[in-house]
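Residues per chain are reported as follows:
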Amino acid sequence: MLLTLFYTAAAVAVISTALVVTQLNAVHALLYLILSLIASAVVFYLMGAYFAALLEVIVYAGAVMVLFLFVVMLLNLGQRTIEQEQAWLQPGSWRGPAVLAGVLLTELLWVLATGSAAETGHVVSSKEVGIRLFGPYVLAVELASMLLLAGLVGAYHLARRGGRLR
Amino acid sequence: MAGLRQIAMQGRAVLGIVLSQFRTLWRVLGHTFTRADTVQYPEQKPALSPRYRGRIVLTRDPDGEERCVACNLCAVVCPVACIALQKAEDAHGRWYPEFFRINFSRCILCGLCEEACPTYAIQLTPDFEMAEYDRRNMVYEKEHLLIDGPGKYHDYNFYRVAGKSIGGKDKGEAEHEAPPIDIHSLLP
Amino acid sequence: MSVGSPLNIGLILGAVIATAAVLIWVERRLLAVWQDRLGPNRLGPLGLLQVAADMIKILSKEDWVPPFADKGVFVFAPTVIMVTMLTAFAVVPIAPDVGIIDFNFGLLYFLALSSLSVYSAVLAGYASNNKYSLYGALRASAQTLSYEVFMGLSVMGVVMLAGTFDLRVIVEAQQNLWYIVPQCLGFAVFFIAALAESHRTPFDLPEAEHELVAGFHTEYSGIKFGMFFVGEYIGITLSSAMMVTLFFGGWHGPLLPPVVWFVLKTAVFIMLFILIRGSLPRPRYDQLMAFGWKVMLPLALVNLMLTGALVLMVGSDA
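Chains as they are written, first to last, in the numbering used here: chain W, 1 to 166; chain R, 167 to 354; chain C, 355 to 672.
Bound conformation, chain W alone:
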């Protein structure tokens, strides 16, 4: 039962990701990307990583993709971009990447077939995630937080006007 759910979610993720690439309309492509993210959240959930699954939905599907959608809507793409997309999807332009992706896929299938995939049946609690983040990975967390702080200060500087609270 769980295995069926897992493979269904995985199939949804793969198909929707393929559709992201082939969609001509940018907003439709983004919708498939959101669907793919939610499907991978379901995959995380089924593997017992509830925390990661929910963070995937909150951060990626709920916040980052909204920003993407925001920008795409602001760009006001029309018929012209659809034609451009059509031109990019000519066989000549996707043959190269497709061959490279196929190599990766066979590699993945090989790994799966040889059976070295880890089977985790255990549920990851938020406490465990926290201990890992502030234990072995504390340097990465601190680096990320410094990067974000720099981004915050930069954004504040760029958006500042006059310096008075209006």
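These are calculated hints, taken from the structure and not from any lab test.
Glycine included, C-beta positions come from ideal geometry on N, C-alpha and C.
Just so you know, not all the hints are guaranteed correct.
[Claimed, not checked] Have a look at the derived ranges for each label pair, beta carbon to beta carbon: (1) Pro216/R to Leu634/C: 35 to 41 Å; (2) Gln187/R to Ala369/C: 28 to 34 Å; (3) Gln84/W to Leu666/C: 54 to 60 Å; (4) Leu365/C to Gln187/R: 54 to 60 Å; (5) Ala407/C to Asp203/R: 22 to 28 Å.
[Said to hold, decoys possible] Incomplete in silico selection of chain C near chain W, CB under 8 Å: (6) Ala466; (7) Ser469; (8) Val472; (9) Val476; (10) Tyr480; (11) Leu492; (12) Ser495; (13) Leu609.
[Said to hold, decoys possible] Some chain C residues flagged as far from chain R (calculated, every beta-carbon gap over 10 Å): (14) Ile378; (15) Val405; (16) Leu642.
Use these hints to put chains R and C onto chain W, whose structure you have.
Then chains R and C, alone, in the frame of chain W:
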């Protein structure tokens, strides 16, 4: 130091804004216990003041004559041009409208005609229930507009105070009117 | 993770949808009371059948899709808000043995679904292909994205005190002291963020009718508009239920049975939502964003810091 004071001032301003939101909420909540200002309309009628601007009427003198002198001021001032009339003169020299027509489907009940009227003839009444199924029925002729009473001004009679001579009242005979001066005489 | 019985699930779903429907009438009557009017009182006792009349009217209207719209997305958008809001109800613990699921990340699940609900407004605005709708969608996305941050941060104080994301455990931890006492700052931030998330006045800028016609649902009519409408009411009910669960002790209360306490507390918050709609004016859009980032974010962070310090001082098992 100046920065600190600025922060303190801003803080006080923000606190004032926050408190005013709560005050608003509290006062609106207080309206739970006030009576409704509206009424159950078709069963209960709202109390309208005598000066309410509703359906237009044409009034008469205390003597029972038409007040309207067909001066056309109401038709001129009407912003939607819904008043139409034609002047006529009777055997006594009184002016009156031959016809007087108000198209209530155009009328906006602004009351400018009442303000413009020099003889208190045209008046607005506290009646607003003028629904019709046929739009042509909204055009009121003189016989629909003319009422038998003096409306809001019981004692006013235009011809009794005006200098115009009509049958039975010559120049100088109106109330508070001096006799006309003989301009051909040299006496003061 | 225990799953409620099918009867339980059906009853809760039915109750939520019925509440959302009755709220149409409740809001109109309460606004009328506070504005010294009478409100709908003709149809049935106290005008309660007005709900049925509204439903019949909205269901029998022409279900029109404008020819310039992006048809698939246009039809899909209103379902998003209904689905996300209804599924989010699954984790709300109503009484000791009433509830749909007990999920040990219930609070995160609620945050995830409320962050997904923004797609409803954004996609509706995009698919309508109308400049006012697009403005509404842009406002909705920026506003929801900003206030989501504070909403998440404001409940972390509760998570620290209870030591879990499980909503049922959070309610049980409030047996002696409701979290509104130590978390009053967190509650203020959560309440304002909840107002903004559900696009209610004074934060209804995405549908500000005096400047954007009706914002993101300008082109919608009939049942699709009805879904936005009912979705908003379900959102209000959900937010109120979450406030009760997180800060006001859920089902705890003397004398009356737990379910009654939960329903009563939720009703108070729903009425507060309506009172705020009846009294407060709408801010300008830049004021809204400045308020969020310059007031709410620092407040949420201060609350988080103070709570952390308190928990550390008292002991990690507090």
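Structure-based check of all given hints:
Take Pro216/R and Leu634/C: their Cβ atoms lie about 39 Å apart, and the range 35 to 41 Å holds. As the Cβ distance of Gln187/R to Ala369/C is approximately 32 Å, the hint placing it in 28 to 34 Å holds. Checked against the hint of 54 to 60 Å, the C-beta distance between Gln84/W and Leu666/C comes to roughly 57 Å, which is consistent with it. A C-beta distance of roughly 38 Å is found between Leu365/C and Gln187/R, which places it outside the suggested range of 54 to 60 Å.
In this structure the supplied range 22 to 28 Å holds for Ala407/C paired with Asp203/R, their Cβ-Cβ distance being about 25 Å. At about 4 Å, the closest approach between the beta carbon of Ala466/C and any beta carbon in chain W falls short of 8 Å, and the interface hint on this residue holds. Given hint, Ser469/C at the interface with chain W, holds; its Cβ is 3 Å from that chain's nearest Cβ, closer than 8 Å. At its closest, the beta carbon of Val472/C sits 6 Å from a beta carbon of chain W; the interface hint therefore holds under the 8 Å criterion.
Taking 8 Å as the C-beta cut-off, the interface hint given for Val476/C holds, the closest approach to chain W being about 6 Å. About 5 Å separates the beta-carbon of Tyr480/C from the nearest beta-carbon of chain W, less than 8 Å, and the hint is met. Annotation: interface hint on Leu492/C holds; nearest CB of chain W at approximately 7 Å, less than 8 Å. Interface hint at Ser495/C: satisfied, since its Cβ lies 5 Å from the closest Cβ of chain W, which is below the 8 Å cut-off.
Because the smallest distance between the Cβ of Leu609/C and any Cβ of chain W comes to about 36 Å, over 8 Å, the interface hint for this residue is violated. Every beta carbon of chain R lies more than 10 Å from that of Ile378/C, the smallest distance being close to 20 Å; the non-interface claim holds. Remark: the non-interface label on Val405/C is consistent with the geometry, its nearest Cβ contact in chain R lying 21 Å away (cut-off 10 Å). Here Leu642/C stays apart from chain R, with its beta-carbon at least about 14 Å from theirs, past the 10 Å limit.
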